[in-house]
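These protein sequence lines map, in sequence, to chains U and P.
Just so we're aligned: 16 in full-length UniProt numbering is position 16 of the first sequence, and the numbers increase by one with no gaps anywhere.
Just so we're aligned: 316 in full-length UniProt numbering is position 316 of the second sequence, and the numbers increase by one with no gaps anywhere.
Calculated directly from the structure, the hints in this document are not laboratory data.
Check before you lean on any hint, since a few could be wrong.
Unchecked claim - Here are the in silico distance ranges between beta carbons for each label pair:
1) U:Ser46 with P:Asp214: 15 to 23 Å
2) U:Gln24 with P:Leu435: 46 to 54 Å
3) U:Ala45 with P:Tyr146: 44 to 52 Å
4) U:Gln24 with P:Leu29: 20 to 28 Å
Fair warning: this is a prediction, and the values are worked out from it, not measured in the lab.
From the three backbone atoms N, C-alpha and C, an ideal C-beta is built for every residue, glycine too.
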Amino acid sequence: MAKRVLVLCGNGVATSTVACKKIQDYMANANVRCEVIQAKIGELASYADKVDVIVLMAMGATLPDTVNTPLIKGLPFLTGMGLKETLEEIKKHLQ
Amino acid sequence: METIASYFKIIFDVGPNVVLPFFIFLFALALGTKASKAIRAAIFIAIALIGIKMVVAFMGDNLGPAMKALSKNSGLKLDVMDVGWGAVAAAIWATPMGAIGIPVLLIFNLVLLYFRVTKTLMVDIWNYHHLITAGVLTYYATDNVYLGFVGMMLAAFITWLTADWAAPFLQKFYGLPGISMPTLSSISELVIAAPINELLDRIPGVKNIRGNFDSVRKYLGLFGEPAVLAVIIGLVIGIMANYSIKDSLNLAMNLAAVMIILPKVVAILMEGLMPIQEASSEFLQKHLGGREILLGLDSAISIGHPSVLTAALILTPFVLVLAAILPGNQMLPFADITVIPFRIAFVVALVNGNVFRTLVIGAVVLIQVLLCGTVTSPVLTKIFLAVGGKMPEGAVGVASFSGGSLFVTYAIMQTLSFILSGVIISAVVFGLFLLVAKSQQRKAIQLMEEEEENTYAAIQNKSTPL
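Okay, chain U solo, but in the shape it has when bound (with noise of 0.2 Å):
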């Protein structure tokens, strides 16, 4: 089964497009597959335990103590600093 990555921002449109897109591109590219879902921060408990790793648009947000997904913090998507760093450790999680 395909791995899947969890997007979450305020509210699951604009910023959290910019880094699903940005993902799917790079592992398409990579032939990694995955399934990316783009959810709002208040769905995080719904879909928590589904992931194999959370992108985090949202900087002010911290995760409840129960989550364990690996967390990455997805500021890179928006600046463009670092961006292919975050890339490579996302791939990590999804291989």
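Once you've looked at the hints, dock chain P against the given chain U.
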């Protein structure tokens, strides 16, 4: 003047589903995007515009009659439908000004950076829609294209300068060095929040209340799930409208569908705009000439702080009750009830996470949103209909928590239309804001530094290894 008028007419004749994509295509090419990518972007913009219209029409078909029954059976006169910020943004992008807005604002931003008026480089093209909305609303309110452009640039000017002002405490609170957040839907509230916070600083007793709201998330957590929230709202409206159980349940499910599908359709708009976003961002960064800048990003990156979520959970049911009892309000909050976190994200940083203060200020902000939304609804409705929207049966107009419901946008619209009440309110609020801005900025940073020192001292005392 003639040419502009005929240009606007031609565009409306061809239809926004064709014209905006065409402009986006040309604009993407001009910025150096590959033709294949530009075509795809343009088509996705059209898909999004069509999709948003479909979902909003479905919402109108279901919510409209319920609103009518609600006012007949409960006496609540809530006949302005909250179609959500996405629908407003789509309507605005579809106007002739929407297409030209992006290049105008790009250049305006570079000019202001060049002359060091602002430090914010707004690479977040997506949220240009808030600024363009201020322009289009002004244009429709005054029937003057030039005033429309003045309104748009005024909105940009206020947004970027306020973003500069807020950047120091937002950076510190959210841990985002080098960044500012020129998102008008979050910035606008600071203009109201700063004076109120200054007032709270001066009231003995109230001054030190922080409040303990830890249990809130346990009991109100359901309100954080948009689908569940929509079902609850649907059921309450259905029952109050004297619907049968069967009809209430159907209304609830249909509204839940809208709540989940609408953002997904709006996300298609973002997908279409992405090549423009990337190319514009590159264009902006290339033409900077080594100026000191703050990278202006979407305020979405600040949503999710526990205090923001806690306060939003309390304010969500509050705004529904408020809508029913607030004199002068006609808006029935629905599609935008999930954006409350955006309205308070910066307030939380200003008050250093104090949930009590966030609630007090948040309540005032929501009162303002409902009232300004009601007042500016006729103009927005005119635009909504002009770009091919359909008036829902049972409603007299549309509104959202965005557009004219934002104080800054309301102030620009009313002032440029020379509506006396609006001019006075705007002058007073902006006057108070300017009066306290400096001290509020200083205090916000000071509060965070004190907290840091206390935490550090506590760690030292315990001498626990980090």
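Taking the hints in turn, this is what the structure says about them:
1. U:Ser46 with P:Asp214: 15 to 23 Å: Since Ser46 of chain U and Asp214 of chain P have Cβ atoms about 22 Å apart, the given range 15 to 23 Å holds.
2. U:Gln24 with P:Leu435: 46 to 54 Å: Holds, at about 49 Å.
3. U:Ala45 with P:Tyr146: 44 to 52 Å: 50 Å, holds
4. U:Gln24 with P:Leu29: 20 to 28 Å: Once the Cβ atoms are compared, 24 Å apart, the range 20 to 28 Å for Leu29 of chain P and Gln24 of chain U holds.
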